[in-house]
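Participant: First to last, the protein sequences are chains D and S. Using numbering that gives the first Met the number 0, you'd call the opening residue of the first sequence number 0 and step up by one each time. Using numbering that gives the first Met the number 0, you'd call the opening residue of the second sequence number 0 and step up by one each time.
Please keep in mind that the hints were generated in silico from the structure rather than gathered at the bench. Computed from a predicted structure; not experimentally measured. Ideal Cβ placement from N, Cα and C applies to all residues, glycine included. The reader is advised that the hints may include incorrect statements.
Simulated pairs of lysine-lysine, BS3-like, Cα-Cα distance not exceeding 30 Å [what the hints assert, rightly or not]:
id, chain 1, residue 1, chain 2, residue 2
1, S, K285, D, K64
2, S, K245, S, K285
3, D, K3, S, K142
4, D, K182, S, K382
5, D, K64, S, K467
6, D, K64, S, K248
7, S, K467, S, K428
8, D, K1, D, K70
9, S, K285, S, K248
10, S, K291, S, K248
11, D, K163, S, K382
12, S, K245, S, K291
13, S, K382, S, K142
14, D, K3, D, K70
15, S, K382, S, K294
16, D, K1, D, K64
17, D, K70, D, K163
18, D, K1, S, K428
19, S, K294, S, K284
20, D, K138, D, K163
21, S, K248, S, K294
22, S, K248, S, K284
23, S, K294, S, K245
24, S, K428, D, K70
Simulated restraints, written as ranges between beta carbons of each label pair [to be verified]:
id, chain 1, residue 1, chain 2, residue 2, range
25, S, T462, D, F91, 47 to 53 Å
26, S, V52, D, G31, 20 to 26 Å
27, D, L83, S, F292, 47 to 53 Å
28, S, M337, D, L184, 18 to 24 Å
29, D, L184, S, W244, 53 to 59 Å
30, D, Y135, S, A342, 24 to 30 Å
31, D, L83, S, A461, 39 to 45 Å
32, S, T185, D, V44, 39 to 45 Å
33, S, G197, D, G16, 30 to 36 Å
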Amino acid sequence: MKVKNGKDFWAGLMFAGFGLGFMLVSFNYPMGSALRMGPAYFPTVLGGLLALLGGFVFFRAFVSKFEHPFKVFPFRLPLLIATLLVGGGAYFADSWFKGAPMVQYALAALALALFIGAFGPRSMFLVLLAVVIFGYALKPLGLVLATALLIVLSAVAGHDFRNKEIVILTIVLALFGVLVFVKGLGLPFNLWPGE
Amino acid sequence: MDFDLIRNLGIGFGVALSLQNLMYSFVGVLLGTLIGVLPGIGPVATIAMLLPVTFNLSPISALIMLAGIYYGAQYGGSTTAILVNLPGESSSVVTCLDGYQMARQGRAGPALAISAMGSFFAGSVATVVIALFAPPLAEVALKFGPAEYFSLMVLGLVSATVLAHGSLLKAIAMTLLGLLLGLIGTDVNSGIARFSFGLPELSDGIGFVIVAMGLFGFAEIVINLERGAAREVFVNKVTGLMPTWKDLKDSSGAILRGTALGSMLGILPGGGALLSSFAAYTLEKKIGDTSKFGKGEIRGVAAPESANNAGAQTSFIPLLTLGIPSNPVMALMIGALMIQGIAPGPQVMTERPELFWGIIASMWIGNLMLVILNLPLIGIWVKLLTVPYRLLYPSILLFMCVGVYSLSNQPFDVLLTALFGLLGYVFVKLECEPAPLILGFILGPLMEENLRRAMLLSRGDATVFFTKPISGVLLGVAIVLLLVTLAPAVRKTREVAFEE
Numbered sequence: 000m001k002v003k004n005g006k007d008f009w010a011g012l013m014f015a016g017f018g019l020g021f022m023l024v025s026f027n028y029p030m031g032s033a034l035r036m037g038p039a040y041f042p043t044v045l046g047g048l049l050a051l052l053g054g055f056v057f058f059r060a061f062v063s064k065f066e067h068p069f070k071v072f073p074f075r076l077p078l079l080i081a082t083l084l085v086g087g088g089a090y091f092a093d094s095w096f097k098g099a100p101m102v103q104y105a106l107a108a109l110a111l112a113l114f115i116g117a118f119g120p121r122s123m124f125l126v127l128l129a130v131v132i133f134g135y136a137l138k139p140l141g142l143v144l145a146t147a148l149l150i151v152l153s154a155v156a157g158h159d160f161r162n163k164e165i166v167i168l169t170i171v172l173a174l175f176g177v178l179v180f181v182k183g184l185g186l187p188f189n190l191w192p193g194e
Numbered sequence: 000m001d002f003d004l005i006r007n008l009g010i011g012f013g014v015a016l017s018l019q020n021l022m023y024s025f026v027g028v029l030l031g032t033l034i035g036v037l038p039g040i041g042p043v044a045t046i047a048m049l050l051p052v053t054f055n056l057s058p059i060s061a062l063i064m065l066a067g068i069y070y071g072a073q074y075g076g077s078t079t080a081i082l083v084n085l086p087g088e089s090s091s092v093v094t095c096l097d098g099y100q101m102a103r104q105g106r107a108g109p110a111l112a113i114s115a116m117g118s119f120f121a122g123s124v125a126t127v128v129i130a131l132f133a134p135p136l137a138e139v140a141l142k143f144g145p146a147e148y149f150s151l152m153v154l155g156l157v158s159a160t161v162l163a164h165g166s167l168l169k170a171i172a173m174t175l176l177g178l179l180l181g182l183i184g185t186d187v188n189s190g191i192a193r194f195s196f197g198l199p200e201l202s203d204g205i206g207f208v209i210v211a212m213g214l215f216g217f218a219e220i221v222i223n224l225e226r227g228a229a230r231e232v233f234v235n236k237v238t239g240l241m242p243t244w245k246d247l248k249d250s251s252g253a254i255l256r257g258t259a260l261g262s263m264l265g266i267l268p269g270g271g272a273l274l275s276s277f278a279a280y281t282l283e284k285k286i287g288d289t290s291k292f293g294k295g296e297i298r299g300v301a302a303p304e305s306a307n308n309a310g311a312q313t314s315f316i317p318l319l320t321l322g323i324p325s326n327p328v329m330a331l332m333i334g335a336l337m338i339q340g341i342a343p344g345p346q347v348m349t350e351r352p353e354l355f356w357g358i359i360a361s362m363w364i365g366n367l368m369l370v371i372l373n374l375p376l377i378g379i380w381v382k383l384l385t386v387p388y389r390l391l392y393p394s395i396l397l398f399m400c401v402g403v404y405s406l407s408n409q410p411f412d413v414l415l416t417a418l419f420g421l422l423g424y425v426f427v428k429l430e431c432e433p434a435p436l437i438l439g440f441i442l443g444p445l446m447e448e449n450l451r452r453a454m455l456l457s458r459g460d461a462t463v464f465f466t467k468p469i470s471g472v473l474l475g476v477a478i479v480l481l482l483v484t485l486a487p488a489v490r491k492t493r494e495v496a497f498e499e
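Input sequences plus hints: build the corresponding full structure.
Facilitator: See the structure below:
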């Protein structure tokens, strides 16, 4: 059996995975009956349908009229395996390191970073990382520094990085953010660390 | 009835012409044009960012401004499509085909003028269509029970699926995935937090803005960076704006057809600006002399640009009459209404007539402003396009991040958006259209609730969806639609058409 349509192959796997995942988690909730549907009823039905459709799409990949290469996007299997290991560690960290929630958070964050890094090009990894860092830096570091981090990191993801331009852009956007978001729209951000 | 219409429109114009509302309408269309011109940031991201701000406005001012952003973006999107061959707005994709060719032949001016005129005509007609058709529809909607609502949503999802690009199977799967993602969070009946993995941040469910921003906004930037798109801007070639008489004569039919088609498709659940422009272009290619299409045919600009504006406006009909959003932007409008403490549905028209008719009147006024804004100010919009993408995308990222964060001031929301960005990238690569997923995500909880209620009322008898007349007809239409698309002949041409 040869995979003719790589896109169908991966899409089928993805849909089946999501469908089965939702079904599995639904087993934790009461099912109810058709008359009085429990919280598990609707998601179990939908998840089953999704898994079924995913299976169809998966098998279609072997007989498809349309040919697409098997390798659809950059994919790094070692990173995905590492994600699963670290993620599993994070899940059990609660019972292993009692009273140290930071360990669990750190492991979960690492697993997430590995997961994002397992798919797609380098530029995507950098852009999404920049976004996440902005989100978590906004409160402790303040709007100005978080903006600078976001702009510089995401600019690195691009094709040509020009030092001078990025410095100017950062200053302009930080100023814009302070004036428009905080002064103008009244969003409750602190501007500098520790305010 | 006719007297009512005039009186109602009178109320509407009275509200919309107040100085404050004129100002918000202006701000809305100006912002809309701006983000329409800029590729990579659309009305969804912009409205999402402004949603928390509207809390401080009156409901009518808030909705007037947000609506202005949506139809303003349709005007702005065409400018980018014609001058840069990039859709500034996703509904301007087909305008690129002939509009850019016209620009290369030095006829960018007439192309821009015709698209603005067509949009204005379509906007005016759509305003009247809403005024005429919304009240009777709302009356029907008042008779809707849970069974009817459920069937209507099934029809909406089926039409979104059928109209999506690419494989039908994948589109259905995306709809199901969207419905499932919509169920994340606390179940209203039992109080159990479903699929939340013990995270308190997930117990309220995932915000719609997070999903939309990740799948559309972040994913688009990621894809653009991977491709490294090069652009060629025809900045100096916009000279004479006025189209010739021949241009006007050629395009008048196309504008009429585009307007009619757009007005109809906008009302459909799952419809709106995007679908309307595609359909209008396809229709135009089948009529009259087709030899010039793809080589700078003015009809290929006039029809889709009229259609997307008409569709953008009439897609307010299902929202205002049934309380059901037909596309992502309308879902945000529901969010805006909720922030103001107004439950969307057929009762809005009778209980808050000034709100309903004020929005409609503001649309016409906003369209007038747009023509004035767009034609003389075209030089400014063109200047904006010369900003290189390497400066643009970090700025867009910042706006989107701030928009997401300000929803509830939680870093976790930004993290979730990044994850949906990753998912969006994978979807694009696997040719899975995200639009049906978004619609499913919005409708998921509503559908489950109505399904439960309908089943409870019928004592567990599922045939109720077919035996109730309105519900039966709606489901029947949905089934026929699905069967027709699945028919081998249609499927073959459809697959080939989308594969091209």
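Participant: Taking each numbered hint in turn, which are not upheld by the structure, reported in ascending numerical order?
Facilitator: 3, 5, 6, 7, 13, 17, 26, 29, 30, 32, 33
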